[in-house]
Amino acid sequence: MKPTSRWTPFLFIFPAFALYAFTVLVPMFGTVGTSLTRWNGYGSPEWVGFRNYLRALRDSIFLSSFEHVFIYIAATIILEVLVGLILAGILTSRPRTDLYRIALFVPVMLPMVIVAVLWRFIYNADFGLLNGALKSLGSPQFVQIWLGDQRFALAAICLVSGWVYAGFYLAIFYAGLQRLPKEVIESASLDGAHQRTIFWKIKVPMIRRLWEVAVLICVTGGIQGFDLFFVMTNGGPYYSTEVPTTYMVRMVFRDQEIGYGSALAVLVTASVLTIGFIYSKVRKKSEQVEY
Amino acid sequence: MRGRSKLVTIIAAVLLGATTLSGCGSNSESSDKVIRIGMPSPGEAGQKVWDAAIAKFKAANPEWDVQLIIQDDDIYSTVGLQGLLTGGNPPDAYFEWAGARTVQREKDGYAADLTDLIANSSLKDLFPESAFNSGKSNGKPLLLPTGSDVTNVIWYDKDNYSKLGLSVPTTWDELMASCAKIKAAKENCFSIGNKDYWVAGNFFGHVYSRIIGEEMYHKIMTKEVPMNSPELVKAYEVVADLQKKGYINASANSIADNEGYTLFFKNGAAMLPIGSWLVSIASQEAPKKNIDWFNLPAFAGGAGDQKSVLGVTTGYVINAKSKKIDQTVKFFETFFSDEITAEWVKAGSAPLTKAAASGNLNPLQQRLVDLMASGATIVAPPDTGYDLKVADALNVATSEVMGGVKSPQKALDDAQAKIASS
Amino acid sequence: MRLRKALFHFFLTLYSFFYIIPLVWMFYSSFKDNGSIFDSPFSLPQNWDFSVFLKAWQAGGLGKYILNSALVTSLATIIVLFVASLAAFAFSRYEFPLKRHSLSIFVLGLLLPIQAYFIAQNELFEFFGLKDSRFTLILPYAGLGIPLATWLLKAYLDSLPKELFEAAKVDGSSDLGMYKLIALPLLKPGMATVAVFTALGSWNEFLLANIYVQNDDYKTIPAGLLAFSTKYVTDYQLLFAALTVVTVPMIIVYIVFNKQVVAGLTEGSLK
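Protein chains in written order, with this note's numbering: chain A, 1 to 291; chain B, 1 to 422; chain C, 1 to 271.
Hint data in this document are derived by calculation from the structure and do not stem from the laboratory.
The structure displayed is predicted, hence computed values, not measured ones.
Hints are not guaranteed to be accurate.
[As the list claims (entries may be wrong)] Below, simulated EDC-like cross-link-like pairs (lysine to aspartate or glutamate); rule was C-alpha separation at most 16 Å, straight line: (1) A/K2 - C/D33; (2) B/K346 - B/D51; (3) B/K321 - B/D65; (4) B/K244 - B/D257; (5) B/K124 - B/D338; (6) B/K140 - B/D116; (7) B/K266 - C/D33; (8) B/K330 - B/E63; (9) A/K135 - C/D158; (10) B/K354 - B/E343; (11) B/K354 - B/D125; (12) B/K330 - B/D65; (13) B/K183 - B/D241; (14) C/K188 - C/D158; (15) B/K245 - B/D173; (16) B/K56 - B/D292; (17) A/K2 - C/E163; (18) A/K285 - A/E212; (19) C/K162 - C/D217; (20) C/K259 - A/D149; (21) B/K418 - A/D255; (22) B/K266 - C/D39; (23) B/K418 - A/D59; (24) B/K245 - B/D292; (25) B/K389 - A/E212; (26) B/K389 - B/D414; (27) A/K2 - C/D39; (28) A/K281 - A/E183; (29) B/K234 - B/D413; (30) A/K2 - C/E166; (31) B/K354 - B/E333; (32) B/K158 - B/D292; (33) B/K307 - B/D370.
Bound-form chain A, shown alone (with noise of 0.2 Å):
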C-alpha cells in the first residue's frame, strides 16, 4: 500500500528505531571498537588490532562454553517445549484442566533469582531437600554435591530451567490445540484412529507454525540465558557449567579485560546472527517444498 505521504514511513518507524538504535545498535558498535583494543576501564584503551579473537579462537573455556550452552539448548526444546506439547495435549483430552494449567504455569512468572536462590537450597549438598529427601526416602548412595560435581551441574540448572519454562509452553499449545477445526479430528477419531495417534499424526502438524516458533524463541532464550546459570553455580564447577554470556560477564567485571570480553560478545554475536541466518534459509526452502 502506498502512504499518503513519503515521509510516512520513516516518521512511524523512527521513534522505535531511535530509542533501539540508542540502547542497542550503538553500543554494539561500541562494542565491535573496544574489541580491538586493550582497556581495564580506567585508564585509555590501547590499540591490539586482532590479538583478542585470536586468544579468543584458543581460548578453551571459550570453546567449551559454546559446548555447554548447546547442551542446554537442546536439553530445553526437550523439557520445555517437548513436554509442553506432551502436557497440553494431556490437558485438551479432557474437560475441566483448567486448574492444572494454572498450577504448572505459576513458576514462569518467578525472577530468576527467586528460582536460583529456592533451587540452590534445594540442590544443596549438606543441608538441601534434595539430598535430604533421597536419605529419608532410604536411599542415601543416591546423595551427590549436585551443584559440585561437573558430571551434574549442568543437567541440575537444565532440569531447573525445564521446571520454570514447561508451564509457558504448555499454555502456548494448548491455545494453539483448542483452536484447531473440530471437523479433522472428528473424522480420524469416527475412522477409528488411536486418540495418541490422532495427537501426532493430525493436530502436530496442523499446529506446525507454532511450534517452530516455540522453538525458535527456545533457542533464543537459551543463547541469552544467563540469570540462572550466574546465581546458581557462576560458570562452575570447574567452568563445567560456563557458557558464553557468563564467560563474557566474567571478563568485564572481574578481570576488567574490557577488551577481550568485547570481542567474545562479538564472536557470539557473529554466531548467533549464523544460526538465524541459516534458520531462516532453511525455512525458506521448507516452505517452497510445500508446495
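Place chains B and C on chain A using the hints.
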C-alpha cells in the same frame, strides 16, 4: 480513539522528558558544594556513624553537603568503582584496599598524594605515624586508613574441641593430627564455602606465603616470577593432601561463603577458616555457639614469618582529579575526630586513630586487633592486595586442587598459561 | 470410564502438586526458625506466626523494590506498545525504500544476547548521566522489548485482510488516521501479547538491574532481592519470608488475570 491515543502520546512524551531530565539533573552537581564519597555498603551500624560525621561536618560548614555513593560490595570492587571514577560525576574520595589496587589508582591518576595534605591538617595528630604505612606508594601516603582487617584465621567451637579432647595447635602437623581425630569422630574438619573462589583462596594464599616465604609470594603475585615455579607447586601439595585425606567438606567448591558459615554454625564442621567479620555475623546468627579463633599454625621449615597475619588495611583515597580536595580533607578531619572515632568503636569497628586505642571492643575482636598490631609480617590476600587477574588464576588453581580435579603441577601450569596470555 | 477419569485427575493432581512443591515449601519454611529449616526441612511449622512477613518487609525495604519494579515495568511496556505498533504498522502496510534492510536490523535484536553489548551501553549511559535513578532502567528495557514487539505486531498485522485498509484508503483516510482508527483496535490481542512479554521480561530482568542502579532506594525486585540475600547471609527464614512476600502477590495477580495473560500470550503469537 483519537482522544485516547493523543493522551498516550502526551504521557509518553512527558515520561521520556522526565527520564532525561532526572538523568541530566545529577550532572549539574559537580560544581556545587557537595563532597561525593564512593564506598561499598557500610552496614546498618556503620551508616549511623557516617550520618553523625556528616551532620557534624555540615554544622561546621553550613554551605557544604556530603553525598555517599553506596554500591554492592562485589560490584564496587570490580566495575562499580571503575564506573564511578570514569563516569560523568566522579567521587571526591572513595573506599579502597591498600596494596596493588591503591597503587594502580595512583598510576591511573586517581589517587592524590596526601603527604602535604596530612602535614597541613589535623590528620597528622589524629593518627599514629605508622598508620599511613600500608597505604604508601614510593613513600607517598595515598590512603587514609579506617581499618585493618584480619582476612583469615581459623575459627573453631571451643566446646566441640574440648569434647574431642583437642587443644589449639601451634604447628601445622599438630593441626593435621587434630584433623585425623575429628575425622575419626565422623565430623568434617573444615567448612569452606568456595563457590566464589576467595574463601579457600585467602586461606591457602596465607598457607603458600608461609611455606614459600612472603617475598616469593609477592614476586609470584606481581608476575615477577612464574606462577608454576616449583616452590609454589610444592606448597600446593598441602592442599592436595587435605583433599586426599577428606579433611575439607566435599561440597566446598559449590557452596557460597555464607553457606559455609551456616554449615559451621550448624555443627557440620569443626573449623571455619574465615576473616574477622565472622564476629558480628556469629553474634547474630549463632550467639550460643562458643567460638574462638587461632592464627594459622607454623609450618616446619617454612620460609616465611611463621607468625605472619593475612590482613589488609582499608581506608579512603582522595581523588587526584577532584576539584574540592581541600574541603574533602576538611571533611575527613571531622570524620577521624575523637568524637566520631568513639562512635565507630560503639558500632563495633576498630578504627586506627589514636583515640580508638582506648575503646571497648568485643574480646574476640580485641585479640584480632592486637594480632594485626603484633608486629608480625602482614601478608596481603590475593584478591585485595594484588592484580585481580593474577589473584583469580591463583584462586582457581587452589579450587581445582582442593576439589581433586587437577594435580598441583597441572593446575599451576594452566594458571600460568592464563596470566601469561593476557 | 469413571475409573479412567478418576485416575486421570488423580495423577495430574499429584503431578501438579509436586511441581509446585518447592514454592509451597518456601512458603511454610518462612514460619520455621533457622534451626528447624536445616534439621528437619520437611516438617511443618509449629506456630504459624505471620509477623515474619512484616519483619521481612521492613528489614528488606521490600515495598520500595516492588514500587520501583512496577514503575519501570509499566512505563517500559507503555513505551514499547506505542513505538512498536507504529513501526509494525509501517513495516506491514507500506512499501518504502530500505524496508527489507531496516526490518532485518530490528529482527537482529531478537537474537542478540544483552551480554553482547551491555558494557558499551553502560559506558554510554554513564556518559549521559542516566544511571542510578528510579527511571534509569526504563530506556534499556524498552529497547530490549522493541524487536520482539515489532516482529509480533507486524506478523499480526500481516495476517489481517488487506481490504480493511484499502477501503479506508479509498475513503481518504490519512496515514495516522488509519493507524489510530483501524490498526490499533485490531491490534488489541497482539498488544496484549506484547504487553505480557515486555512486562515479564522487564519485571524479571537481573543483569542491568544490578549494574545500573546502586542506590538501594531505586532498585528493582531482582537487584533488591540479591542485595537482601547477601545482607542477611545466614538467616534463611527471613530470606524465604522475603521471597514469599514478593512471590505471593504475583501469583495472585496471575490467578485473577489468568485468562487475559494466557490469551495475551497466545492470541498474538498464533499467526
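Now for the hints, and whether the structure bears them out:
1. A/K2 - C/D33: violated (69 Å)
2. B/K346 - B/D51: At roughly 14 Å apart (the allowed maximum being 16 Å), B/D51 and B/K346 satisfy the hint.
3. B/K321 - B/D65: Judged against 16 Å, a Cα distance of about 19 Å means the pair is violated.
4. B/K244 - B/D257: With a Cα-Cα distance of about 22 Å, the restraint between B/K244 and B/D257 is violated, given a limit of 16 Å.
5. B/K124 - B/D338: holds (13 Å)
6. B/K140 - B/D116: Given pair B/K140, B/D116 holds - Cα atoms ~10 Å apart, limit 16 Å.
7. B/K266 - C/D33: holds (13 Å)
8. B/K330 - B/E63: Judged against 16 Å, a Cα distance of about 13 Å means the pair holds.
9. A/K135 - C/D158: It is violated: about 57 Å lies between the C-alpha atoms, which goes past 16 Å.
10. B/K354 - B/E343: Holds, at roughly 14 Å.
11. B/K354 - B/D125: holds (8 Å)
12. B/K330 - B/D65: holds (12 Å)
13. B/K183 - B/D241: holds (14 Å)
14. C/K188 - C/D158: Roughly 14 Å between the alpha carbons, so the hint for C/K188 and C/D158 holds.
15. B/K245 - B/D173: This hinted pair holds, its Cα atoms lying about 14 Å apart.
16. B/K56 - B/D292: violated (38 Å)
17. A/K2 - C/E163: holds (14 Å)
18. A/K285 - A/E212: holds (14 Å)
19. C/K162 - C/D217: violated (50 Å)
20. C/K259 - A/D149: Since the Cα atoms of C/K259 and A/D149 sit roughly 42 Å apart, the hinted pair is violated (cutoff 16 Å).
21. B/K418 - A/D255: holds (11 Å)
22. B/K266 - C/D39: holds (9 Å)
23. B/K418 - A/D59: Holds - the C-alpha atoms of A/D59 and B/K418 are around 9 Å apart, at most 16 Å.
24. B/K245 - B/D292: Violated, at about 25 Å.
25. B/K389 - A/E212: This hinted pair is violated, its Cα atoms lying about 43 Å apart.
26. B/K389 - B/D414: holds (13 Å)
27. A/K2 - C/D39: violated (72 Å)
28. A/K281 - A/E183: Outside the cut-off at roughly 34 Å; violated.
29. B/K234 - B/D413: Distance ~13 Å between B/K234 and B/D413 Cα, so the pair holds.
30. A/K2 - C/E166: holds (10 Å)
31. B/K354 - B/E333: holds (13 Å)
32. B/K158 - B/D292: holds (7 Å)
33. B/K307 - B/D370: holds (13 Å)
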